[in-house]
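Chains as they are written, first to last, in the numbering used here: chain A, 1 to 133; chain B, 1 to 116.
Just so you know, the hints here were simulated from the structure itself, not pulled from any lab data. Just so it is clear, the structure is predicted and the values come from calculations on it, not from any experiment. Don't be surprised by glycine CBs; every beta carbon is placed ideally from N, CA and C. Heads up, some of the hints might be wrong.
Here are a few chain A residues that face chain B, going by a calculated C-beta distance under 8 Å [claimed, not checked]:
(1) GLY21
(2) ILE75
(3) GLY116
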Amino acid sequence: MPKPGKMYNAMKAFIVGGSVGVIGQLLIDVFTKWLDIPEKEANTYMIIVLVFFASLFTAMGFFDNFVSWARAGLIVPITGFAHAMTSASLEYKREGLITGIGSNIFKISGSVILYGVVAAYVFGIIRYLLFGG
Amino acid sequence: MIYVYSFLFAGFVCLIGQIILDNTKLTPGHVTSIFVVVGAALDVFSIYDKIVEWAGGGALVPITSFGHLLMHGALEKAHEHSILGLSMGMFDLTATGIISAIVIAFFLTLIFKPKH
Chain A
1 MPKPGKMYNA
11 MKAFIVGGSV
21 GVIGQLLIDV
31 FTKWLDIPEK
41 EANTYMIIVL
51 VFFASLFTAM
61 GFFDNFVSWA
71 RAGLIVPITG
81 FAHAMTSASL
91 EYKREGLITG
101 IGSNIFKISG
111 SVILYGVVAA
121 YVFGIIRYLL
131 FGG
Chain B
1 MIYVYSFLFA
11 GFVCLIGQII
21 LDNTKLTPGH
31 VTSIFVVVGA
41 ALDVFSIYDK
51 IVEWAGGGAL
61 VPITSFGHLL
71 MHGALEKAHE
81 HSILGLSMGM
91 FDLTATGIIS
101 AIVIAFFLTL
111 IFKPKH
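If we strip away everything but chain A, and leave its shape as in the complex, we get (with noise of 0.2 Å):
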């Protein structure tokens, strides 16, 4: 049986990620629905606006404390990557533009991208040589 602390956090992080998803599919809507959006483009729309609201409020510094709260919640949706991006620009903001900045707005979603990519070309391979694309 896991413990009660940690069925408490799963919880969490089930609620937080599914609402910021609902939020997600909302917002999908809206462009879509009431602006006349192509659908991919709404997509498009919608992370941006995700991505735009997280570093706001990471900027404002009240983002840190959800984020500790929702954990997993917020981290993984890509609120999480915003977050990492902006408050890892800010921490270093003070070593100045280049050395501060610069060299540390990756520093923690830069193995997103890494891995990511990596990884697509690695199975896009596969793919391309299993179905032609």
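Guided by the hints, dock chain B onto chain A, whose structure is given.
Just chain B now, with coordinates in the frame of chain A:
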């Protein structure tokens, strides 16, 4: 119904992430990196495509969809330009997300003061 599926799928992915965080020594960086790789892997047999059809926004929000979109962009270009296309198209679908995140993070950093 798509809202229910969105909630269930996004919640489920986060739940797995939390279970990994609570029961192993892996950090959030590990979890997100693993999930991106899983997202790309699920696209070898077009599984993630079906999840997106089914769960809509709930499938696009978790970081797994980043791996899926990298794969898709790469394969779309690979149709026209064979293996070289993989590199040409890799960022086609994810570029807007990454670039917005970079630009937004940069300007917010200039405007706001760090907490400590």
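Verification of the hints:
Taking 8 Å as the C-beta contact cut-off toward chain B, the hint placing GLY21/A at the interface holds, the least distance being around 3 Å. Annotation: ILE75/A was flagged as interfacial toward chain B, and the flag holds, the nearest CB pair being 5 Å apart, inside 8 Å. Contact between GLY116/A and chain B, as hinted, is supported at the beta carbon level, the nearest pair being about 4 Å apart and thus within 8 Å.
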